[in-house]
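Trainee: These are the residues of each chain, in order.
Number of protein chains: 4
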Amino acid sequence: MSTLGVAVIGYSFMGKAHSNAWRNVGAFHPDLPAVTQRVLVGRDASAVSAAADQFGWADSATDWRDVVTRDDVDVVDVCTPGHLHHEIALAALRAGKHVIVEKPLANTIEESLELVEAATKARAHGVRSMVGFNYRCVPALALAREVIGQGRIGEVRQVRASYLQDWLVDPDAPMTWRLRKEQAGSGVLGDLGSHVVDQVRFLLDDEIETASGRLETFVGTRPGPSGPEDVTVDDAAWALLGTARGAVVSLEVSRMAAGRKNALQLEVYGSRGSVAFDLERLNELWVDTGQGPTRVLVTEPEHPHVDAWWPPGHVLGWGDTFTTQAAGFLAAIEAGTDPAPSFEDGLAVQRVLDAIERSAAGRGTVELARS
Amino acid sequence: MSTLGVAVIGYSFMGKAHSNAWRNVGAFHPDLPAVTQRVLVGRDASAVSAAADQFGWADSATDWRDVVTRDDVDVVDVCTPGHLHHEIALAALRAGKHVIVEKPLANTIEESLELVEAATKARAHGVRSMVGFNYRCVPALALAREVIGQGRIGEVRQVRASYLQDWLVDPDAPMTWRLRKEQAGSGVLGDLGSHVVDQVRFLLDDEIETASGRLETFVGTRPGPSGPEDVTVDDAAWALLGTARGAVVSLEVSRMAAGRKNALQLEVYGSRGSVAFDLERLNELWVDTGQGPTRVLVTEPEHPHVDAWWPPGHVLGWGDTFTTQAAGFLAAIEAGTDPAPSFEDGLAVQRVLDAIERSAAGRGTVELARS
Amino acid sequence: MSTLGVAVIGYSFMGKAHSNAWRNVGAFHPDLPAVTQRVLVGRDASAVSAAADQFGWADSATDWRDVVTRDDVDVVDVCTPGHLHHEIALAALRAGKHVIVEKPLANTIEESLELVEAATKARAHGVRSMVGFNYRCVPALALAREVIGQGRIGEVRQVRASYLQDWLVDPDAPMTWRLRKEQAGSGVLGDLGSHVVDQVRFLLDDEIETASGRLETFVGTRPGPSGPEDVTVDDAAWALLGTARGAVVSLEVSRMAAGRKNALQLEVYGSRGSVAFDLERLNELWVDTGQGPTRVLVTEPEHPHVDAWWPPGHVLGWGDTFTTQAAGFLAAIEAGTDPAPSFEDGLAVQRVLDAIERSAAGRGTVELARS
Amino acid sequence: MSTLGVAVIGYSFMGKAHSNAWRNVGAFHPDLPAVTQRVLVGRDASAVSAAADQFGWADSATDWRDVVTRDDVDVVDVCTPGHLHHEIALAALRAGKHVIVEKPLANTIEESLELVEAATKARAHGVRSMVGFNYRCVPALALAREVIGQGRIGEVRQVRASYLQDWLVDPDAPMTWRLRKEQAGSGVLGDLGSHVVDQVRFLLDDEIETASGRLETFVGTRPGPSGPEDVTVDDAAWALLGTARGAVVSLEVSRMAAGRKNALQLEVYGSRGSVAFDLERLNELWVDTGQGPTRVLVTEPEHPHVDAWWPPGHVLGWGDTFTTQAAGFLAAIEAGTDPAPSFEDGLAVQRVLDAIERSAAGRGTVELARS
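Chains as they are written, first to last, in our numbering: chain A, -15 to 355; chain B, -15 to 355; chain C, -15 to 355; chain D, -15 to 355.
Because the hints were derived from the structure by calculation, they are not lab data. Among the clues, some could well be false.
The calculated label-pair distances, taken between Cβ atoms and stated as ranges, are [as the list claims (entries may be wrong)]:
{"no.": "1", "chain 1": "A", "residue 1": "Thr(-13)", "chain 2": "D", "residue 2": "Asp154", "range": "37 to 47 Å"}
{"no.": "2", "chain 1": "B", "residue 1": "Thr104", "chain 2": "A", "residue 2": "Glu191", "range": "48 to 58 Å"}
{"no.": "3", "chain 1": "D", "residue 1": "His67", "chain 2": "B", "residue 2": "Arg136", "range": "54 to 64 Å"}
{"no.": "4", "chain 1": "C", "residue 1": "Asp189", "chain 2": "B", "residue 2": "Arg342", "range": "38 to 48 Å"}
Not close to chain D: a few residues of chain B, all C-beta gaps over 10 Å, as computed [claimed, not checked]:
{"no.": "5", "residue": "Ala11"}
{"no.": "6", "residue": "Asp15"}
{"no.": "7", "residue": "Glu71"}
{"no.": "8", "residue": "Gly80"}
{"no.": "9", "residue": "Gly110"}
{"no.": "10", "residue": "Phe186"}
{"no.": "11", "residue": "Glu193"}
{"no.": "12", "residue": "Gly208"}
{"no.": "13", "residue": "Glu213"}
{"no.": "14", "residue": "Gly276"}
{"no.": "15", "residue": "Pro277"}
{"no.": "16", "residue": "Leu281"}
All C-beta atoms in this analysis are idealised placements derived from N, C-alpha and C, irrespective of residue type, glycine included.
Just chain A, same shape as in the assembly (with noise of 0.2 Å):
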């Protein structure tokens, strides 16, 4: 049986997280279509041929252009930093290669939406097409999901949702191209807030139509290469959100928060209990339908995700949840459905981190527009 050939383009920390699962995925799920790790994709020759004898792949290239219609390449998995998104999903969506972008789809709304456009065409011709937020395959939240799906918190009122890094706590922490907006587009907000608007509408399986924000960069200048350069991004975002069915939704990111790490932390409140979670203890979900919060160690095998890892109480770890997405996006090519987060959920998301920005900018309580 013939395999689905693979290429990444990019090979820092989102290539080798994205190598990995591609090396792993047929190990934990023997069912689905085997692939091959074809073509690591990266602009230094060298580098990018050594990392792709690290990271398991045949070949490695220099330019993605000739990669995307390679004939032995079926999947094309986007890592580069976020402004080549476009360019790079657009040429391989037309060329007939299903397509994964990792998070965020684009730095902009106009980008994004040709994105969607051109992953709607070649959706007609079975091409698929994904937006990599990882996070929805960590099992936690996925049961998470589940639990709030099937009404058992009732209706949901009240989000609390959180992510707290601490890297930049530290005033004279250098300069980097992320605290620059022109290169990064926005600071925490893009960078965490994507993922915790994400999964907002992920576990609620709900729309967000309004925002209200505000931006906050806390070290103004920082040292950089030649000298004091100031930053032009954010340190710390804050938003109200109002979904479709009525919930509010506080969102909270930073960069600032000394002692949190990775702390993605979500608390959904319903007319009947709460759910609540700390990416930091990837493996547990509180659950509470009434009895007080439960802690659940999410390790079972009737677990979303779990079946194909360990027995019960064998946690899996940050790098597993990109070997669970690899098998998502092959399940899907397999049925000749759509993969979830579709290309529209990442521009969902942009929308939100749009009306965010210009709420902050003075613009009160923004409105999103309907697509």
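Chain A is already provided as a structure; the job is to place chains B, C and D on it using the hints.
Mentor: For chains B, C and D alone, coordinates are given in the frame of chain A:
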């Protein structure tokens, strides 16, 4: 040596809590001025008489006007509903009595201003006044203030402050006076939000200068004594506050947070560390000065407000905070100093709540007027 | 209506805690027989007089013999060091007084047997007696007993029981009477182990039939008043206990467990679920009946011992457990029933501790004699 | 450059976990000797062939005897049931292959002794051997060892060590080979107790010298393939261990601890502090050096075994520990040093388990023979 005669006005929940404080303060603070529980005041003669017997009072009365001028009464402690605070406290101050007013100071800013004015005049004659924000007497929160004040977490940038309860989760929970605007003034904003705002000012030793907010009533109609009745106050409230020194505070309060019974949660993030607290674990403070969050069981003799009580590890309860509060008031009377929180503090809290309400009514971000 | 006159013998740590209970019991339990704090007893006339003033007693005395026969004393509450329990309690019972003895019942089994015998005789004349294992009055532990008794965790198989403190971690911590065998009887085994054994019997409603144990003194010499002095009691103790119904209990107690301040920890595993408790979080019980460990904040009115206190979520403190204990004693006096834990319970605990000591001295597993 | 050829013997649970390690070790440790997944061995030709495909092996085989002498195999990794370890490992060592044996080293002390002897001889020829106690590779536990070794908690006095699971709670759970003494050797003692004993030796860098213990089978009969069948191994086990340096260790392991899924819990108390760990929260270590228990998220690059993986806060899973273990083995091969834990370590663990069993059979406290 003579003792200070105390009168408490009100004998329900807060009357019980304050009575408990006066009954016990001498046993834990033998070096402070002794007190005598002179008289408990309420409108229902037989009920207040029974309550006086139960709570250790020598006498009961039905008219506070008679009581606040009694010669054997030196301290008047006002535990009535908020709309009566103003009249009683004014009368007591004018009679030269030391006055404690349970929070909130008053239901309106106008009343609060008059009370501040009266307290200022009385102060000139050695009369002491205080607002009963008892959570300032939680040892863990007093320790948090010390930790912050000593600069151990650096400059405060970001505060996450919430107070979550769930007693209104059920849409069939019946109407009460607390849900009628004309009686309660506001909903959870005034009830729990006032505690949060006071704590933020207390912990940070900083002033709130800007506020934006949102109020929400999730259950608009509840079973009343004569059929369905509209709820005219907020079930939940959110705000973003800016402080004079540049910190940003997110505030969230709710009576609809299923599974949270009394969760006053405070997280303060500074440039070098953080502290965190949850009232449901009243004896614990989490302190992170760079090594990770450390759980401090705040029961050591060197911790604030602890030495009077029990050996290390023997935890305090919610009721004990009022005893400490009474002790602080007595200490101020003895020392001839002004106890904290003052009526000015009470006013400052009311101003913030008022600004949140105005913002929620569509005024965008509100700049707080300086008094 | 007349009140019950109470005398407390002893005015240090336990005297303070029991005084607190008698001062407050009426305020929380108005329907029980009223009490009057008649007299506090201690050897140092001026110190006990000051303590009596402080703790709310009408009178003080230096000779317990005079007090236990006073006509205006109905209840004698023995808070002295353990070696005096026997003599005082015997005299009080013989004088027809209701008697509470702070744990342990006595320092030897012989004394305990005599006390049981005296209590049995007195019971025939309506005289009540009780041992002061106050942790039976912790709402969370009383709830745990209910949960187990209702069969909600099935048949109990395995119990992990420990009580860890750390006040002797420092090898330079000075000598005290508690570390001399002739005064203290034993070390941590009697002090904390007695609480653990009582709780196991209370929670399981079962009897200990076999015991094996080990005692250890980690710091053999400490600074005494006149130079280095040998520690003659145990710093830590371990035991395995077998119950009549076939459960196995592991017990571990220590004064050397760095970082544990007052950690009475109990985990009970049954054939269908489990419960867990930690005294440092006195208001919480973890209950697992098959869905995962659920955190129950034991502050609801339907929870045992809670209704007399505050609204849900308003936590109790360590000191409050003595008030509940006093209430239980008064309720038994009023009802003409025998309060628990009885002197027989106190004896049963002593037998277990004795068996552990004998096992630790090289006797292997010891079968407990039935009384 | 040539690579090391690896063969894994066994393809069920441990075979899957070790295959995962060999498939991934190069991606995270590119500077170590490269490996090739040569051959997976099992008795069922078609099943092992499918497993080989799934897990990334080039080949499969049904007779380990052929495999351990293949020229293209340099490393033999034994993942069979325990009773086969001895024969396979001996043959592999004699063939000059580096050998990893999954824990336990062997089912009897005699077999273990022979394996140690063979490993010693092989070592002289540069052949490496290791026992697979993978929990030594949990970053939090490796950090705990560092903290203890640096003296940061002082001299270790007391260890609470347990490993609790609950998969046998239900008395109707069916019979398996793991509950038959002739196949499994022992019950939970060997299965989980071996991990606990290895960890204690690893963390403390100390030797166990005395042991007393108890074994218990709570459910004596279970549904077997042909009717009720006797359970001939222990469901739970307890021990007290004494170390060469004077620490006392309490050990408790169980398959009947309702609600505990994989709770390897270790608490080490020293003369200046303590550390605590729970495998269900694999990425966390609690360190108390006198300020209170500090939660360390062990995901920083300076923490042991972390740097190869992800950025701070991106947690590892259970499966990742085997990759780290494989890396350690490769590093030792490259450096020409002996990896840990050695076969001697495996033997030492077996001796302790054997002593516990002998004690439980009525021998009182057992002194461990020195090898």
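Trainee: Indicate, hint by hint, whether the structure satisfies it.
Mentor: Each hint tested on the structure:
With their beta carbons about 43 Å apart, A:Thr(-13) and D:Asp154 fall inside the hinted range of 37 to 47 Å. The beta-carbon spacing between B:Thr104 and A:Glu191, approximately 53 Å, falls within the hinted interval of 48 to 58 Å. Checking the proposed 54 to 64 Å range against D:His67 and B:Arg136 shows it holds: the Cβ atoms sit about 58 Å from each other. At roughly 60 Å, the beta-carbon separation of C:Asp189 and B:Arg342 lies outside the given 38 to 48 Å, and the hint is violated.
Listed as outside the interface, B:Ala11 is consistent with that label: its C-beta sits roughly 29 Å from the nearest C-beta of chain D, beyond the 10 Å cut-off. In this structure B:Asp15 is separated from chain D by more than 10 Å, as the shortest Cβ-Cβ distance comes to about 30 Å. Non-interface call for B:Glu71 relative to chain D: holds, since the shortest CB-CB distance, roughly 47 Å, exceeds 10 Å. Chain D leaves B:Gly80 outside its interface by the beta-carbon criterion, the shortest separation being 47 Å against a cut-off of 10 Å.
Against the 10 Å criterion, B:Gly110 stays outside the reach of chain D, whose nearest CB is about 42 Å from its own CB. Against chain D, the non-interface label of B:Phe186 holds: every CB pair exceeds 10 Å, the least being about 23 Å. Every beta carbon of chain D lies more than 10 Å from that of B:Glu193, the smallest distance being close to 33 Å; the non-interface claim holds. Look at B:Gly208: its CB is around 44 Å from the nearest CB on chain D, clear of 10 Å, so calling it non-interface holds up.
Consistency note on B:Glu213: stated as away from chain D, and its beta-carbon is indeed over 10 Å from all of that chain's, at 44 Å minimum. Not every beta carbon of chain D lies more than 10 Å from that of B:Gly276, the smallest distance being close to 5 Å; the non-interface claim is violated. Not every CB of chain D lies more than 10 Å from the CB of B:Pro277, the least distance being 5 Å, so the non-interface label is violated. Separation of B:Leu281 from chain D is inadequate, the least Cβ-Cβ distance of about 7 Å not exceeding the 10 Å criterion.
Checked against the numbered hints given earlier, this structure breaks hints 4, 14, 15, 16; the rest are met.
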